[in-house]
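Asks: Protein chains in written order, with the UniProt record's numbering: chain S, 1 to 676; chain X, 1 to 214.
Treat the hints with caution; some may be incorrect.
[What the hints assert, rightly or not] Estimated spans, in silico, between C-beta atoms of each pair:
hint, chain 1, residue 1, chain 2, residue 2, range
1, S, 293, X, 44, 53 to 63 Å
2, X, 41, S, 198, 45 to 55 Å
3, X, 127, S, 70, 49 to 59 Å
4, S, 268, X, 44, 43 to 53 Å
5, S, 506, X, 79, 29 to 39 Å
[Said to hold, decoys possible] DSS-like cross-link-like pairs, simulated, lysine-lysine; straight-line CA separation at most 30 Å:
hint, chain 1, residue 1, chain 2, residue 2
6, S, 460, X, 189
7, S, 397, X, 114
8, S, 507, X, 151
9, X, 44, S, 507
10, S, 274, S, 314
11, S, 460, X, 114
12, S, 506, X, 151
13, X, 33, S, 458
14, S, 424, S, 169
15, X, 112, S, 397
16, S, 314, X, 151
17, S, 274, S, 330
18, S, 243, S, 223
19, S, 314, S, 458
20, S, 460, S, 71
21, S, 424, S, 243
22, X, 114, S, 458
[As the list claims (entries may be wrong)] The following residues of chain S were derived to be distant from chain X, with all beta-carbon distances above 10 Å:
hint, residue
23, 84
24, 97
25, 171
26, 496
For the record, the hints were derived by calculation from the structure and aren't laboratory data. No experiment lies behind these values; they were computed from the predicted model shown. No residue lacks a Cβ here, since even glycine has one placed at the ideal position from N, Cα and C.
So the chains spell out like this:
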Amino acid sequence: MLRAALPLLGLPLAGAAAEGEPTQEPGAPGEPPPSLALFRWQWHEVEAPYLVALWILVASLAKIVFHLSRKVTSLVPESCLLILLGLVLGGIVLAVAKKAEYQLEPGTFFLFLLPPIVLDSGYFMPSRLFFDNLGAILTYAVVGTLWNAFTTGAALWGLQQAGLVGHVKAGLLDFLLFGSLISAVDPVAVLAVFEEVHVNETLFIIVFGESLLNDAVTVVLYKVCNSFVEMGSANVQATDYLKGIASLFVVSLGGAAVGLVFAFLLALTTRFTKRVRIIEPLLVFLLAYAAYLTAEMASLSAILAVTMCGLGCKKYVEANISHKSRTAVKYTMKTLASCAETVIFMLLGISAVDSSKWAWDSGLVLGTLVFILFFRALGVVLQTWVLNQFRLVPLDKIDQVVMSYGGLRGAVAFALVILLDRTKVPAKDYFVATTIVVVFFTVIVQGLTIKPLVKWLKVKRSEHHKPTLNQELHEHTFDHILAAVEDVVGHHGYHYWRDRWEQFDKKYLSQLLMRRSAYRIRDQIWDVYYRLNIRDAISFVDQVGQQLVVRGQKGSRGLTLPSMPSRNSVAETSVTNLLRESGSGACLDLQVIDTVRSGRDREDAVMHHLLCGGLYKPRRRVRAGELRMQILEDARERQDKEVFQQNMKQRLESFKSTKHNICFTKSKPRLRKAGR
Amino acid sequence: MGAAHSASEEVRELVGKTGFSSDQIEQLHRRFKQLSGDQPTIRKENFNNVPDLDLNPIRSKIVRAFFDNRNLRKGPSGLADEINFEDFLTIMSYFRPIDISMDEEQVELCRKEKLRFLFHMYDSDSDGRITLEEYRNVVEELLSGNPHIEKESARSIADGAMMEAASVCVGQMEPDQVYEGITFEDFLKIWQGIDIETKMHVRFLNMETMALCH
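Please model the complete structure; the sequences and the hints are all you need to start from.
Replies: Here is the structure:
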């Protein structure tokens, strides 16, 4: 890997400066006798990794600097700032070293920078939403990209025939090739910009899904056009066209199949990692990366492979791996993806400075900009009109505007254009310049303006509410009702097939791929319930803590504390902070309270004992801190309260019998002993 | 000729009453005949002929919903023994997609109707409130598909959900207050943020009649 990285980085200024200090070779004739060198400058040995680390460090420091100013980051998306920074840095390097070093090399990009981003988005893709909108996503990805490619290419060729594009020597095929690489919506750019805009989920998933799935189409189009160009337009026969169409299916379905195979392997392997928990995150990354590389090796769509791998394996992997591994996987993925994104944008900026690589033609540039915007908008409108006939929730005009405007081009287009062979495509330099301008335009101009546009159009924003237990329950009831109605009516609709799939999954797949303990209690309702319980228990402890503190001050006066906590009433008392600091977000390890050596020891210890005492006995004495809900038909006060406490106890105890591997069970025996 | 003429009269009437198109009514009629075995009415037993329904955990509640007088708009409570085609259509109309041409008020009305259907499913004793027992019942049935979750856990989940519902609907409560159950208004409150009208429908556009196993 080092060898590969070396040519990518070139010699920096520091390297140039360091050239003058080679180490003395001992024993060479005519040289002074070797003495022990106290200090040797070993630049060459660390050059490659040092540079990689340095660039990533510069990018990260830049990010920190950007975020110091709230105002700037609320107006300008990060990607813009990074590209501009890249431009500046590139300018500096150019001025000092007199030649442009550091480019966005396609090799690095496709092998190292793109996979983390795609993996992150595939793994955390909301699969339900994705499959609900799959029809729309596929339409836009396949039909839309083909439309964009052909119309842009043809229009540019028309422009050339009309004489407006003077210097560019290219035929129809060349323009089609260019059209194919400039027409694909880029996942990196879409993610970077849309992440800050927070449109509603349907819109986001459609645009983002499109950007992921169109990779197959782009790959096929690019390769087909490239080989046609290489063969020469005269030699292209009808069978080649057919082969091109066939390869579309092969590439996309093959890529997806590779992804699914690796997802299966990953899920299966994680089933057996109970004793070797430490390698779980590693397995996830390795197998997903292997899926990417395998697809890339077989010339299939690598992005599709990784997306499918992430989508397919998530459910089983999350059930199998330990909680800590889950956190590790999540944060590492996010870090890697963020880091890759930062580096990509910076390198884009830097690469733009190298003027030896490009040649300017105003007609081509302006024409391309106009055409991609226009044809995208037209394509979106046409396809939406067709889709709305079939969709349950039609996409309205505002959605269409955001979709057309959100079709950003990015680093993928740039990498593809650099890969072109100058001997076969003489107009490459013009294409490179145009691509750079297009990418900059979309990321900077469109990125800057999309937020105000979204606000102005009053696009429905995403509402971030955590799923309540009721909602989860009702959603499940829904699914069953709708499936049943479809059965009664005899209509094999979407719900029918989804139900079928869930049955199949429950019977065969989950049994095979999930750890036995996880399989037993696998249920979405259970998960929501579990999370809510943890949260309730924490806030319960908080309330008790509050009451304790105040009690100490005010004596035994009753208090009015909030009733059953709504989502927002978790007070920031010491216990919550402790639990958060110890990183145990969902691990209610009460021993944490015991072992913390802070100034609040006494309070915490008292709280701990109160919990031991309070949870397992009828709490006649702790009146003020009680939760005030009584939900039984029987109105007898005290008994109701006690039954409620029993309820709380039952809820906590039910964990013991069904979920063995959480920290709670460790503290249970202690509580039991103290409480008796 | 006479029979065909009166049949289309009926169809027109039904179109007027339920809002389905005549095509859809024809298809649903065919399905109705399949289910009922060419009888004019359907009883509960006829639903046993739908094989896929067996795998559904809340099967009994759904079948019950078809015969519920409140859904059929025939009375405040109780179950009908059998339903004819018009009743069948009435139930089906709860699942029609929202027309793009409808205005705000009609959408709101549609939404309430669908939520009322759901409410009736939960509220099995027709007293206008979903009590804890009934909620527990629903959750137990929902989770009955998973043999490893015990009844205890199902009950706890139902209790938790109930508490959550109460906190949403009533907020602060006095220490002596007893929360009776979820009324329809509370139910509406819980569902406020969610687009039920876009989620609760079945597409009636293309249907192939399925073979039933006898």
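Asks: Decide, hint by hint, whether the structure agrees.
Replies: How the hints compare with the structure:
Taking the beta carbon of each, residue 293(S) and residue 44(X) are about 58 Å apart, inside 53 to 63 Å as hinted. The supplied range of 45 to 55 Å is met by residue 41(X) and residue 198(S), whose beta-carbon atoms lie about 53 Å from each other. As the Cβ distance of residue 127(X) to residue 70(S) is approximately 55 Å, the hint placing it in 49 to 59 Å holds. With their beta carbons about 44 Å apart, residue 268(S) and residue 44(X) fall inside the hinted range of 43 to 53 Å.
Range check, residue 506(S) to residue 79(X): Cβ separation about 32 Å, and the 29 to 39 Å hint holds. Note on residue 460(S) and residue 189(X): the hinted pairing holds, with a Cα-Cα distance of about 21 Å set against a maximum of 30 Å. Of the pairs offered as hints, the one joining residue 397(S) and residue 114(X) holds, with about 27 Å between alpha carbons and a cut-off of 30 Å not exceeded. A distance of roughly 21 Å separates the Cα atoms of residue 507(S) and residue 151(X); the hinted pair therefore holds under the 30 Å criterion.
Note on residue 44(X) and residue 507(S): the hinted pairing holds, with a Cα-Cα distance of about 29 Å set against a maximum of 30 Å. Between residue 274(S) and residue 314(S), the direct Cα distance comes to roughly 17 Å. Compliance with the 30 Å bound is thereby established for this hinted pair. A C-alpha spacing of about 24 Å is found between residue 460(S) and residue 114(X), which places the hinted pair at or below 30 Å, so the restraint holds. Straight-line distance between C-alpha atoms of residue 506(S) and residue 151(X) comes to about 20 Å, which keeps the hinted pair within the 30 Å bound.
Between residue 33(X) and residue 458(S) the CA atoms are separated by roughly 49 Å; this puts the pair beyond 30 Å, and the hint is violated. Simply put, residue 424(S) and residue 169(S) have alpha-carbon atoms about 12 Å apart, close enough for the 30 Å limit, and the pair holds. Distance restraint check for residue 112(X) and residue 397(S): the Cα-Cα separation of roughly 27 Å lies within the 30 Å cut-off, and the hinted pair is therefore satisfied. At most 30 Å may separate the alpha-carbon atoms for a hinted pair to count; residue 314(S) and residue 151(X) meet this at roughly 28 Å.
At roughly 19 Å between alpha-carbon atoms, residue 274(S) and residue 330(S) fall within 30 Å of each other, so this suggested pair holds. Only pairs whose Cα atoms come within 30 Å are accepted, and residue 243(S) paired with residue 223(S) is accepted, the gap being roughly 12 Å. Between residue 314(S) and residue 458(S), the direct Cα distance comes to roughly 34 Å. Violation of the 30 Å bound is thereby established for this hinted pair. Restraint check for residue 460(S) and residue 71(S): satisfied, since their Cα atoms lie roughly 24 Å apart, inside the 30 Å limit.
With a C-alpha separation of about 21 Å, the suggested pairing of residue 424(S) with residue 243(S) holds against the 30 Å cut-off. About 28 Å separates the Cα atoms of residue 114(X) and residue 458(S), which keeps this hinted pair within 30 Å; it holds. Separation of residue 84(S) from chain X is adequate, the least Cβ-Cβ distance of about 40 Å exceeding the 10 Å criterion. Remark: the non-interface label on residue 97(S) is consistent with the geometry, its nearest Cβ contact in chain X lying 58 Å away (cut-off 10 Å).
Interface exclusion of residue 171(S) from chain X stands, the closest Cβ pair being 46 Å apart, more than 10 Å. For residue 496(S), the non-interface assignment is contradicted: its Cβ lies about 7 Å from the closest Cβ of chain X, within the 10 Å cut-off.
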